[in-house]
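Protein chains: 4
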Amino acid sequence: MSNITLEQARKVVDAAIKKSEELGVKMNIAVVDAGTNLVAFNKMDDAWLGSIDISQKKARTARYFNMDTGEIGKLSQPGGSLYNIEHSNNGLITFPGGVVIKDGSGNIIGAVGVSGSTVEDDHAVASAGASAL
Amino acid sequence: MSNITLEQARKVVDAAIKKSEELGVKMNIAVVDAGTNLVAFNKMDDAWLGSIDISQKKARTARYFNMDTGEIGKLSQPGGSLYNIEHSNNGLITFPGGVVIKDGSGNIIGAVGVSGSTVEDDHAVASAGASAL
Amino acid sequence: MSNITLEQARKVVDAAIKKSEELGVKMNIAVVDAGTNLVAFNKMDDAWLGSIDISQKKARTARYFNMDTGEIGKLSQPGGSLYNIEHSNNGLITFPGGVVIKDGSGNIIGAVGVSGSTVEDDHAVASAGASAL
Amino acid sequence: MSNITLEQARKVVDAAIKKSEELGVKMNIAVVDAGTNLVAFNKMDDAWLGSIDISQKKARTARYFNMDTGEIGKLSQPGGSLYNIEHSNNGLITFPGGVVIKDGSGNIIGAVGVSGSTVEDDHAVASAGASAL
Chain X
1 MSNITLEQAR
11 KVVDAAIKKS
21 EELGVKMNIA
31 VVDAGTNLVA
41 FNKMDDAWLG
51 SIDISQKKAR
61 TARYFNMDTG
71 EIGKLSQPGG
81 SLYNIEHSNN
91 GLITFPGGVV
101 IKDGSGNIIG
111 AVGVSGSTVE
121 DDHAVASAGA
131 SAL
Chain S
1 MSNITLEQAR
11 KVVDAAIKKS
21 EELGVKMNIA
31 VVDAGTNLVA
41 FNKMDDAWLG
51 SIDISQKKAR
61 TARYFNMDTG
71 EIGKLSQPGG
81 SLYNIEHSNN
91 GLITFPGGVV
101 IKDGSGNIIG
111 AVGVSGSTVE
121 DDHAVASAGA
131 SAL
Chain A
1 MSNITLEQAR
11 KVVDAAIKKS
21 EELGVKMNIA
31 VVDAGTNLVA
41 FNKMDDAWLG
51 SIDISQKKAR
61 TARYFNMDTG
71 EIGKLSQPGG
81 SLYNIEHSNN
91 GLITFPGGVV
101 IKDGSGNIIG
111 AVGVSGSTVE
121 DDHAVASAGA
131 SAL
Chain U
1 MSNITLEQAR
11 KVVDAAIKKS
21 EELGVKMNIA
31 VVDAGTNLVA
41 FNKMDDAWLG
51 SIDISQKKAR
61 TARYFNMDTG
71 EIGKLSQPGG
81 SLYNIEHSNN
91 GLITFPGGVV
101 IKDGSGNIIG
111 AVGVSGSTVE
121 DDHAVASAGA
131 SAL
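Protein chains in written order, with our numbering: chain X, 1 to 133; chain S, 1 to 133; chain A, 1 to 133; chain U, 1 to 133.
There's no promise every hint is true.
For identical chains, the list gives no copy identity; a pair is met inside one copy or between any two copies.
Claimed, not checked - Cross-link-like lysine-lysine pairs, in silico, DSS-like; alpha carbons within 27 angstroms at most:
hint : residue 1 : residue 2
1    : K74       : K102
2    : K11       : K26
3    : K74       : K26
These aren't lab readings, by the way, just hints derived from the structure by calculation.
So here's chain X without its partners, still in its complex pose (with noise of 0.2 angstroms):
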């Protein structure tokens, strides 16, 4: 299994808080490696508390099912095949916001959560995030 660094986290939190700034947003930026497990955090100051946690369950929603967290998302409404999938894993989150990273191989090393603004800007950071590598 490859496993992001590190040094490679803190790039893409570095990269997450510089598109944030770019988007003028306050962001809750976290990095889990391929085992779900948290390697880098970041909290902007004056970003929502709530987001703390949400962040950290984007991140490892995108790694659980090697897909945006969107697109879990689609597929949980009422209705839909994924019913309710968020009271799996203490607690999914299923809206934008959390993306795969992957190394230059194409090989899944990590993912990245993002959360503080809209779902939109959400994602926007995460994937920028995940392109630093």
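We have chain X already, so just place chains S, A and U on it with the hints.
What follows is chains S, A and U alone, placed relative to chain X:
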């Protein structure tokens, strides 16, 4: 970060109780500080037991995202952008009754959560509490 | 079942605060009813954050077994008859600071838990609170 | 209440990593704010996975009671005045490695928790982190 004092929190609780008595309802009233820690709580006689926890979760939810809990609930519906956000932070309550508390300068210093009647009454009582400062 | 009223619970809290001020300590004070449900809580300014939970657990522990929390702690030591009873009920606190509250007829109507200083101070403040009725 | 900024928290983490490298150890390092909310976290490569949670619990425990975690551990032993306090607050860690963080005026603005080696190393790294401000 400005933080609510016990003296202020007790004023919030007393104003909420006064409003509850005017409305003829029995409420649970919780006040948390800027860090979401509980500062004061009162359960009116014969208020719902299940609302002890709900009032505290409403107060924390309001401070977690710096908005009325009912605003979050509009976005967490099926198909909404924050669907099932309630699974985060050991359980959010996203219907009305949680309101942030500001000091005279407009700084958020805590939040109040009220539960025990209709969500309209809950919100009215919480607002009366928050307005006491 | 006789049960403590909010008016009585507030008298307990105020007596506990008065005693805390006399001792020069900062306390968290929780009152539960005969069913172990929270009725009133106050956190004095600058009291320990970790004692918010402990004060509530002390109050519940006292009512769970109808005795001072310190009495249970004597039995929960290694080799004791109630070794590690603290694992039950989502966590007990079995050192001093939790005291049952009785009405004028000697009926147990609730309990008070206090945390924020030495266990001797905690117990003295809890006892002052319970004696207010 | 004064509160640690992200810039300060990152200085604490970086100083802790530098000390860890000097000692030749692999650490998990967590920084919480004055309200015990997570602000920054780094897991050094190959640091123990079980220490991700422990470092965060140490940081919170230090701030919960405004003292080094090891001081609490002396009192929570069998027969001690705070025996089994670890059952509170969703789990405390009371051996060394958690240290409060103060600003230049002596105000507590947060805490740092370190886990990954002996408790002596954990404490030394946490202290180096806290001293960076």
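- Query: What are the numbers of the hints that this structure violates, sorted from low to high?
  - Reply: Violated hints: none at all, because every hint is consistent with the structure.
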